[in-house]
Amino acid sequence: MAAKRLFLVLLCLAMMAAPAFGASKDIIYASESTPKSLDPHDTTDTYSGAIEKAILEGLMGFDKDLKVVPLLAESYTFNNTATEFTFKLRKGIKFHDGTPFNAEAVRVNIARLMGGKLKRSSLMKPVKELAVIDDSTVKFVLNEPFGAFINTVAHPGALILSPAALTKYGDEVSKNPVGTGPFIFAEWVSDTVKIKKNPNYWRAAVKVDSITFRPVPESGSRLAMLRTGQAQYIYPMPAELLKVAQADPKIDIIERPSIVERYLVLNTRHAPLGDARVRQAINYALDKQAIIRIAWGGAATEADSIIPPNLQFYKKQSAWPYDVAKAKALMKEAGHEKGFKVVFLTPNPSNRLRATEMVQQQLKEINITGEIQSMDVASFYNKLEAHRADDSNQMPFIAFGGWSSSTGDADWGIRPLLATQAFPPALSNFGFFSDKKVDELIQAGLVSADPAARREAYAKCQDAVWPMAPWGYLFVDTLIAAKSKNLKGIYPLPDGGFSVENAELAD
Amino acid sequence: MNETKATPFRIVCYKFKQRKTALVAGLFIMLLVLVAVFAPGIAPYDPYLTNYGLSMLPPSAEHWAGTDLYGRDILSRIIYGARISLTVGLTSVLVGALAGVTLGLISGFFGGFLDGLIMRTSDVLFAFPGILLAIAIVAILGPGLINVVVAVSVFSMPTFARIVRGSTLALKESLYVRAARSIGASRNRIMFVHIMPGTLSGVIVYFTMRIGTSIITAASLSFLGLGAQPPTPEWGAMLAESRDYIGVADHMTIFPGIAIFLTVLFFNLFGDGLRAALDPKLK
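These protein sequences, in sequence, are chains A and B. Under my numbering, think of the first position of the first sequence as -9, with each following residue one higher. Under my numbering, think of the first position of the second sequence as 727, with each following residue one higher.
Please keep in mind that the hints were generated in silico from the structure rather than gathered at the bench. The structure presented is a predicted model; accordingly, all values stated were derived computationally and were not measured. Among the hints, erroneous ones may be present.
Label pairs and their in silico Cβ distance ranges [claimed, not checked]:
no.: 1; chain 1: B; residue 1: V850; chain 2: A; residue 2: K233; range: 45 to 51 angstroms
no.: 2; chain 1: B; residue 1: N777; chain 2: A; residue 2: W192; range: 56 to 62 angstroms
no.: 3; chain 1: A; residue 1: D366; chain 2: B; residue 2: D976; range: 51 to 57 angstroms
no.: 4; chain 1: A; residue 1: K57; chain 2: B; residue 2: P766; range: 44 to 50 angstroms
no.: 5; chain 1: A; residue 1: E494; chain 2: B; residue 2: D772; range: 53 to 59 angstroms
no.: 6; chain 1: A; residue 1: A309; chain 2: B; residue 2: D772; range: 47 to 53 angstroms
no.: 7; chain 1: A; residue 1: K233; chain 2: B; residue 2: D1005; range: 52 to 58 angstroms
no.: 8; chain 1: B; residue 1: I872; chain 2: A; residue 2: K331; range: 18 to 24 angstroms
no.: 9; chain 1: A; residue 1: E355; chain 2: B; residue 2: I872; range: 55 to 61 angstroms
no.: 10; chain 1: B; residue 1: P766; chain 2: A; residue 2: N357; range: 20 to 26 angstroms
no.: 11; chain 1: A; residue 1: A194; chain 2: B; residue 2: N777; range: 50 to 56 angstroms
no.: 12; chain 1: A; residue 1: I243; chain 2: B; residue 2: I872; range: 52 to 58 angstroms
no.: 13; chain 1: B; residue 1: G767; chain 2: A; residue 2: P406; range: 51 to 57 angstroms
no.: 14; chain 1: B; residue 1: V850; chain 2: A; residue 2: D366; range: 25 to 31 angstroms
Ideal Cβ placement from N, Cα and C applies to all residues, glycine included.
Just chain A, same shape as in the assembly (with noise of 0.2 angstroms):
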């Protein structure tokens, strides 16, 4: 009997009690993306790396606006002809499991990386070794001068994992995270990451106990799992429903601007688009307002260099009108007056077909006239990589391209695309652009790491490709994300992740 009366004072009490462990604070961020891998080593995907940001950090790492700022490191010192760069480490962090993080954490770190078989291994590329100075002291050896390296640094891919992790876990350490950011890794079940909070966070107090990372492909269920309080946030948000979204009054539109350009790849290796004329006629004869406006929902702000405006060293450039008239002058002062056959490529999500599909509807007016080809983003890279300089047949092709530099310089934005030595296969120069001053102004831009002297080299590199008319310039992406009105604190970064550390979520 006093037993059965103990079991109900206790039920009542554990009744009582319930209420305050119920307003634990959990967050769903519902995304078009799944994770890859939780090894930042191993990642290349921007999702798998944003969410492995929130659990690990770097030596340095990027604001809200993409600009680098010390974060595992104190500051940084580096030598006139930017091969030597020495950072100072914090004192007094420890990682998730306890361990300390110092100078021979970072050494583990990115002796793996320089270990050369992982994904991200590439980053490390330029470095010839890594010094241990003191505890908290290492310094970066490179090969050659490298002026981007700092941005290097702050890239996810070198996010500092914790060496007992590493050696505990060995490359399983891609399913356990151990690291020293706001959020601990809770579990990875079925595509879904659920991260909890960091008690000890050494930055400032966590404000949520709880995020899970759920995959929702579908663009329109992810908006009614918003609408419903299925979901908090929302990442991508269709730009076609942003009328519905608009017309919610739970939910807030996030918009902001992106470092992904969109382009037109000229393959000009084909007589006719290897004139620089027929190129610029392209230009002019491009409503970028109305592809934005209508393909892309509204959601971009039209090119106006090479590389987007939040890159590092970008420089705004005079825009191209649009104007059909001066257009058929260059086609007839080139002799192209009836035009030519070309094919159109593209990746086959919506968006992007429908882009090109304008496209195609105003090239018409020009007499550029062809079919699209439209395909999976892989078998589209694959179709593209598969082309050579000196092939003898070449196909007119006019691709649509896209580019996001996750380094947030401006060597990322323009090299892997412009350089002469970036024809495919080594990287990602498509139309075979070639230019013998703008290959020596980007190498100008790579030997020094003096941001005077990067930023006049770039200036110079992007004042003298601009009116060369490389590509069908395009426009920026505009990111736009949806939140519930209650959660603060969580916005998408320019490269396409986010950034949760100060999530917090009102009553």
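For chain A, the structure is supplied; the task is to place chain B on it using the hints.
Just chain B, lined up with the frame of chain A:
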């Protein structure tokens, strides 16, 4: 008195007229054919004419079915789309029927090894769900309307072959065929003059029903991006283009959807009516 004789054709016509739904279906199909033939005269606008200023307008007096993403008139596109859907539906079934009937006749008439070969090949084709087989064929041949026709023909073929083989087996043993053989008629004459007409009633019914299926298969393939390529005003392709805007501009999906739905429905109702009229067991 001018007494009309009850010829088989008149009986069929009479029975068909009894079925009101089939009659309506027949009239609709005639109308659709007329629309398709005279599309340039009927369509209020050029189906390819873009006007970005008129993007996604709802139905109005100027544009009865509204405009699409690029400001093209949806009604005009549906009218031109009827040409494509009917052509694809008819040609693919016609090709499938010609090949299938011939193979079925050969199979049923000669029997033995040829019969085994043709019927086992049909069994293999039957093993695939129709749309899957069509996707596989288009994946091999590459996207495009002509390849869609080929794909749909291929998967219509085995059913025709099987229907014709069945009737051929029965007719082969019938008295009039034996009589024809006994007076020395050639094999070809027996096959094509004596047996084939007897198999046709089943073929005609299946043929009509099949057109509906072919139209929907072609539209599905275009919806998946394997059939008609932009800017062709194919109904399935129009649906695919507008599906991202459901909830924002519903008219862009509703009208092509209705066009596909009604066409397929009426072809099936028409086929049903024909079946009833041609079946001697049904009164």
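Do the hints match the structure? See the list:
{"no.": "1", "hint": "B:V850 with A:K233: 45 to 51 angstroms", "verdict": "holds (50 angstroms)"}
{"no.": "2", "hint": "B:N777 with A:W192: 56 to 62 angstroms", "verdict": "holds (59 angstroms)"}
{"no.": "3", "hint": "A:D366 with B:D976: 51 to 57 angstroms", "verdict": "violated (28 angstroms)"}
{"no.": "4", "hint": "A:K57 with B:P766: 44 to 50 angstroms", "verdict": "violated (60 angstroms)"}
{"no.": "5", "hint": "A:E494 with B:D772: 53 to 59 angstroms", "verdict": "holds (55 angstroms)"}
{"no.": "6", "hint": "A:A309 with B:D772: 47 to 53 angstroms", "verdict": "violated (31 angstroms)"}
{"no.": "7", "hint": "A:K233 with B:D1005: 52 to 58 angstroms", "verdict": "holds (54 angstroms)"}
{"no.": "8", "hint": "B:I872 with A:K331: 18 to 24 angstroms", "verdict": "holds (19 angstroms)"}
{"no.": "9", "hint": "A:E355 with B:I872: 55 to 61 angstroms", "verdict": "violated (28 angstroms)"}
{"no.": "10", "hint": "B:P766 with A:N357: 20 to 26 angstroms", "verdict": "holds (24 angstroms)"}
{"no.": "11", "hint": "A:A194 with B:N777: 50 to 56 angstroms", "verdict": "holds (54 angstroms)"}
{"no.": "12", "hint": "A:I243 with B:I872: 52 to 58 angstroms", "verdict": "violated (45 angstroms)"}
{"no.": "13", "hint": "B:G767 with A:P406: 51 to 57 angstroms", "verdict": "holds (54 angstroms)"}
{"no.": "14", "hint": "B:V850 with A:D366: 25 to 31 angstroms", "verdict": "holds (29 angstroms)"}
Violated hints, in rising order: 3, 4, 6, 9 and 12; the structure is consistent with all others.
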